[in-house]
Amino acid sequence: MEVNVPLAPVSASELLIKNDLKLRRMFSTTAVAGAHCEACGWALPTEEAYPSHAETRQEEPAIITLQPGKRAPVHLTQTLLMQQYRSTWISEEHVCTGEQRARHYPKWAMTATKSHKFDDAVALEFGHWDKQAMGVDEVPFVILLPHQNGTAEYGLVGLVATNTPNHVVAYIPSARRKDTEWVMIDGMVQKCSGSP
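In the numbering used here, the protein residues as written are 4 to 199.
By construction, these hints were calculated from the structure, which means they are not laboratory data. Do not take every clue at face value.
[Stated by the list, open to error] DSSO-like, lysine-lysine: derived pairs with alpha carbons at most 30 Å apart:
hint : residue 1 : residue 2
1    : Lys194    : Lys134
2    : Lys21     : Lys134
3    : Lys73     : Lys117
4    : Lys25     : Lys117
5    : Lys73     : Lys134
6    : Lys117    : Lys21
[Said to hold, decoys possible] Have a look at the derived ranges for each label pair, beta carbon to beta carbon:
hint : residue 1 : residue 2 : range
7    : Ser90     : Pro54     : 14 to 22 Å
8    : Thr49     : Glu156    : 19 to 27 Å
9    : His131    : Thr100    : 43 to 51 Å
10   : Thr100    : Gln70     : 37 to 45 Å
11   : Trp45     : Phe144    : 33 to 41 Å
12   : Thr154    : Thr68     : 18 to 26 Å
Glycine included, each C-beta is placed from N, C-alpha and C at the ideal position.
Using the sequences plus the hints, can you model the full thing?
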């Protein structure tokens, strides 16, 4: 797979995805863009609004990086996630006068949106503050993201944690009992633990 360790977890993931066709498909992302009018609700078809962004498959894999602030763990919310895959601005080139919906009014700048839709898998990376790993305050078991067919729930499959700059541990959730049990893989050692 041409992945030489040691590497940061996200760098290793990027190389694995790049070198494996099935992983590339699983972690693929598509960019879409469009424009709509906030006044009357009319939406300009994507092909007309931004032809260069109409369903464009991206080269980079579906890895969302969230940076912590003020030496504190990331507090993961749907709003914070949305800021990473969606941007909105007032379009200067697209205006609406309401005639599409028979509601005539002076020219109104339309709202443009560029967003990403994801395929079967997405990796979340929680960054560092300086050289200190901060992580996330709560591990999400399910997140909502735009999918090729609308919105989909993405469930947690695994977690890679770094507790020192040179030490990486993997955790795999297992729901065999009442509570979630984590299988910890640390080098050649594998054992169960309550939580990471």
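Here's how the hints hold up against the structure:
no., hint, verdict
1, Lys194 <-> Lys134, "28 Å, holds"
2, Lys21 <-> Lys134, "27 Å, holds"
3, Lys73 <-> Lys117, "29 Å, holds"
4, Lys25 <-> Lys117, "26 Å, holds"
5, Lys73 <-> Lys134, "13 Å, holds"
6, Lys117 <-> Lys21, "24 Å, holds"
7, Ser90 <-> Pro54: 14 to 22 Å, "18 Å, holds"
8, Thr49 <-> Glu156: 19 to 27 Å, "25 Å, holds"
9, His131 <-> Thr100: 43 to 51 Å, "50 Å, holds"
10, Thr100 <-> Gln70: 37 to 45 Å, "42 Å, holds"
11, Trp45 <-> Phe144: 33 to 41 Å, "39 Å, holds"
12, Thr154 <-> Thr68: 18 to 26 Å, "21 Å, holds"
Violated hints for the displayed structure: none, as all numbered hints are satisfied.
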